[in-house]
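Participant: Here's the letter readout for the chains.
Protein chains: 2
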Amino acid sequence: MRFVVQRDLLIESIQHVMKAISSRVTIPILTGIKIEASKDGIKLTGSDSDISIESFIPKEEDGIINVEEIETGSIVVQAKYFPDIIRKLPLKTVEIVTDDQFQVTILSGGSEFHLNGQDAVEYPQLPVLHTDNSFELKNDLLKELIRQTVFAVSTVETRPILTGVNMRLENDQLDFVATDSHRLASRKIPLSTENDQLDFDNIVIPGKSLAELNKIIDDNEETIMISVTENQILFQTKNLYFLSRLLDGNYPETSRLIPDQSKTTVLTKTKELLQAIDRASLLAKENRNNVVKLQTKANNQLEISSNTPEVGQVTEEVTTDTIEGEELKISFSAKYMIDALKIIQEDRVKIEFTGAMRPFIIRPMDNEQILQLILPVRTY
Amino acid sequence: MRFVVQRDLLIESIQHVMKAISSRVTIPILTGIKIEASKDGIKLTGSDSDISIESFIPKEEDGIINVEEIETGSIVVQAKYFPDIIRKLPLKTVEIVTDDQFQVTILSGGSEFHLNGQDAVEYPQLPVLHTDNSFELKNDLLKELIRQTVFAVSTVETRPILTGVNMRLENDQLDFVATDSHRLASRKIPLSTENDQLDFDNIVIPGKSLAELNKIIDDNEETIMISVTENQILFQTKNLYFLSRLLDGNYPETSRLIPDQSKTTVLTKTKELLQAIDRASLLAKENRNNVVKLQTKANNQLEISSNTPEVGQVTEEVTTDTIEGEELKISFSAKYMIDALKIIQEDRVKIEFTGAMRPFIIRPMDNEQILQLILPVRTY
Numbered sequence: 003m004r005f006v007v008q009r010d011l012l013i014e015s016i017q018h019v020m021k022a023i024s025s026r027v028t029i030p031i032l033t034g035i036k037i038e039a040s041k042d043g044i045k046l047t048g049s050d051s052d053i054s055i056e057s058f059i060p061k062e063e064d065g066i067i068n069v070e071e072i073e074t075g076s077i078v079v080q081a082k083y084f085p086d087i088i089r090k091l092p093l094k095t096v097e098i099v100t101d102d103q104f105q106v107t108i109l110s111g112g113s114e115f116h117l118n119g120q121d122a123v124e125y126p127q128l129p130v131l132h133t134d135n136s137f138e139l140k141n142d143l144l145k146e147l148i149r150q151t152v153f154a155v156s157t158v159e160t161r162p163i164l165t166g167v168n169m170r171l172e173n174d175q176l177d178f179v180a181t182d183s184h185r186l187a188s189r190k191i192p193l194s195t196e197n198d199q200l201d202f203d204n205i206v207i208p209g210k211s212l213a214e215l216n217k218i219i220d221d222n223e224e225t226i227m228i229s230v231t232e233n234q235i236l237f238q239t240k241n242l243y244f245l246s247r248l249l250d251g252n253y254p255e256t257s258r259l260i261p262d263q264s265k266t267t268v269l270t271k272t273k274e275l276l277q278a279i280d281r282a283s284l285l286a287k288e289n290r291n292n293v294v295k296l297q298t299k300a301n302n303q304l305e306i307s308s309n310t311p312e313v314g315q316v317t318e319e320v321t322t323d324t325i326e327g328e329e330l331k332i333s334f335s336a337k338y339m340i341d342a343l344k345i346i347q348e349d350r351v352k353i354e355f356t357g358a359m360r361p362f363i364i365r366p367m368d369n370e371q372i373l374q375l376i377l378p379v380r381t382y
Numbered sequence: 003m004r005f006v007v008q009r010d011l012l013i014e015s016i017q018h019v020m021k022a023i024s025s026r027v028t029i030p031i032l033t034g035i036k037i038e039a040s041k042d043g044i045k046l047t048g049s050d051s052d053i054s055i056e057s058f059i060p061k062e063e064d065g066i067i068n069v070e071e072i073e074t075g076s077i078v079v080q081a082k083y084f085p086d087i088i089r090k091l092p093l094k095t096v097e098i099v100t101d102d103q104f105q106v107t108i109l110s111g112g113s114e115f116h117l118n119g120q121d122a123v124e125y126p127q128l129p130v131l132h133t134d135n136s137f138e139l140k141n142d143l144l145k146e147l148i149r150q151t152v153f154a155v156s157t158v159e160t161r162p163i164l165t166g167v168n169m170r171l172e173n174d175q176l177d178f179v180a181t182d183s184h185r186l187a188s189r190k191i192p193l194s195t196e197n198d199q200l201d202f203d204n205i206v207i208p209g210k211s212l213a214e215l216n217k218i219i220d221d222n223e224e225t226i227m228i229s230v231t232e233n234q235i236l237f238q239t240k241n242l243y244f245l246s247r248l249l250d251g252n253y254p255e256t257s258r259l260i261p262d263q264s265k266t267t268v269l270t271k272t273k274e275l276l277q278a279i280d281r282a283s284l285l286a287k288e289n290r291n292n293v294v295k296l297q298t299k300a301n302n303q304l305e306i307s308s309n310t311p312e313v314g315q316v317t318e319e320v321t322t323d324t325i326e327g328e329e330l331k332i333s334f335s336a337k338y339m340i341d342a343l344k345i346i347q348e349d350r351v352k353i354e355f356t357g358a359m360r361p362f363i364i365r366p367m368d369n370e371q372i373l374q375l376i377l378p379v380r381t382y
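Line by line, the protein sequences are chains A and B. Sequential numbering from 3 applies to the first sequence in our numbering. Sequential numbering from 3 applies to the second sequence in our numbering.
No false leads were slipped in.
Put simply, identical chains are the same to the list, so a pair is met inside one copy or across any two.
In the BS3-like style, the derived pairs of lysine-lysine whose C-alpha atoms are separated by at most 27 Å in a straight line are:
#1 337 x 145
#2 140 x 344
#3 295 x 94
#4 145 x 352
#5 344 x 90
#6 90 x 299
#7 94 x 273
#8 90 x 271
#9 61 x 140
#10 145 x 45
#11 337 x 271
#12 94 x 344
#13 287 x 344
Since the hints were derived computationally from the structure, they do not count as laboratory data. Values in this document were obtained by computation on a predicted structure and should not be read as measured data.
The following block holds chain A by itself, in its conformation from the complex:
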């Protein structure tokens, strides 16, 4: 194998596939990056068995030459050293050559590296997805769906299914839901697909996979193709192929958790509430669960407070737009509330309570696509 490649493109590809590479894998060769040179360009692969990422550098793109002097072949290089080496090379191009002893030579200006590589034949074959069960989304919309839900997945393995995000397709609506059983985040979008064959209703994508995917895809209006099989999901753009296993098991039915009525409704400025809760939580950090109290007051005032006797106490007054319904005293995790408010871009937020012991709902005002739910903490 031999080729000369634009170094910045190689760096970008390495960064992409590194998102799938872990030093804690049971198959040692997966600690490496597979590099394949074909007549069309260079393909890099990284995988930890759960996630596999392929990044392709086409030989030529939009009339610009990316890769030259290709002699086809493949190799696996150690991911511990290769990225830093490429990043620090002196020239804008880098030449990579292998010999039949799996030695990799990296050349750029006065730099000459020789690395011990491994035979690419030893690298596990990635599954090739044959399915028409596909639909398309804009990159930026997919990133929103991920960002607005993935933070709410469970981080403990007691109920593994909750470490994933539930993706559902019903009545031309795509719905992402995540819950760790203490809070829930959901985002819906209308999905107009021309694919009559599209057929899945309820899959669970590991939260980690979506978090890594979100780091790789650019925030633009280009299109990403999503294909679903029984146990895998593939996200595919022009030069990127991101494959993740799906989680086994049935995702709990979450719709019945969502109260269909409310007793107290608060409409207020998102950022002001977020900052008040953030401050109130400063003294609650040493509490179990970082709990703050919220209380409705006269004149559309909300009081948020927290008390840690050995440190001190804090009271935050927030002037809301309106408070309607019953008076309320409720306690909840400041962290959950901060997470929920952070992903709301809208200026104003509506919070619907159904009493101190019932879950409450947070939505942006005039936006039914986002719904978040938090279970209160029993303290009063």
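Knowing the structure of chain A, use the given hints to seat chain B on it.
Facilitator: Okay, now just chain B, sitting in the frame of chain A:
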């Protein structure tokens, strides 16, 4: 005590005094920040016994009101909570009030914090330096002196004196020297002082003190006053008072370490050499001491190389301006060489070797104020 202060000034003062505060102190009250309100303004103090920092916010400065409604008094607040609280408050001003139970109330907009404080009488009295043994430096020059030497202090406590920077005054020259016994960094400046009383010749300032001081002082041409007593040094600007203990003991005589002749002299581009050594060290990280080899070649070429059999090897060719004298093969710590080259701002650097087993010297070309020395490693 009571006052209303501009929040950004209070934040800046807190950041300054926090540099001296450690959670690992034997005197519990030193985990707090002392706040004193006098008719002239507000003074904050932080200390870990070794370093003490006072930051003053004058009531009025250049016609701008910084502090209002002062009722004099003092308190100690917990440094674990106070900085975050002040930083996150909603308004540009903050009101701080204490009561006779040492309760501290912090008010800003809708926020009201009550913190348990401590009686400021319990806070250790900082020594007041009475000395005329003082001289002045520009801030930016002092920062250079620190930056160009402090990285070379010892980080192990086997010879405590080497954890400090040796400051000497001789023949109207101020000299900073640091060594960990494997490498040495020194920077001299001419010092024209009008103070005939100035009398110290050899003190040792803890490296940690200088590193913290460097973070606090701004990189400008304002003046800092430096006063020295037998066991303390004070750095003083208009509103800042930075006091450090000195290290006990005699600093080793370092001048005899410096070779007065050289057998091989290399003149080359600083950045190019730095980057080549940085790359060569990539594969040397798992070696003892991160060692690379340097070898002179024909046609003014330097070869820098490193070899870790289980990973691979690297060769860097650097085209120098000139190589004069004997041929040379030498091994040294890449880290020490990188540290040394990083602080040289000049385009070109001169390296003087006296054989593979002798210390070598690194200087910027045409700048005799900076001298660095590195001991080679025995590998050939």
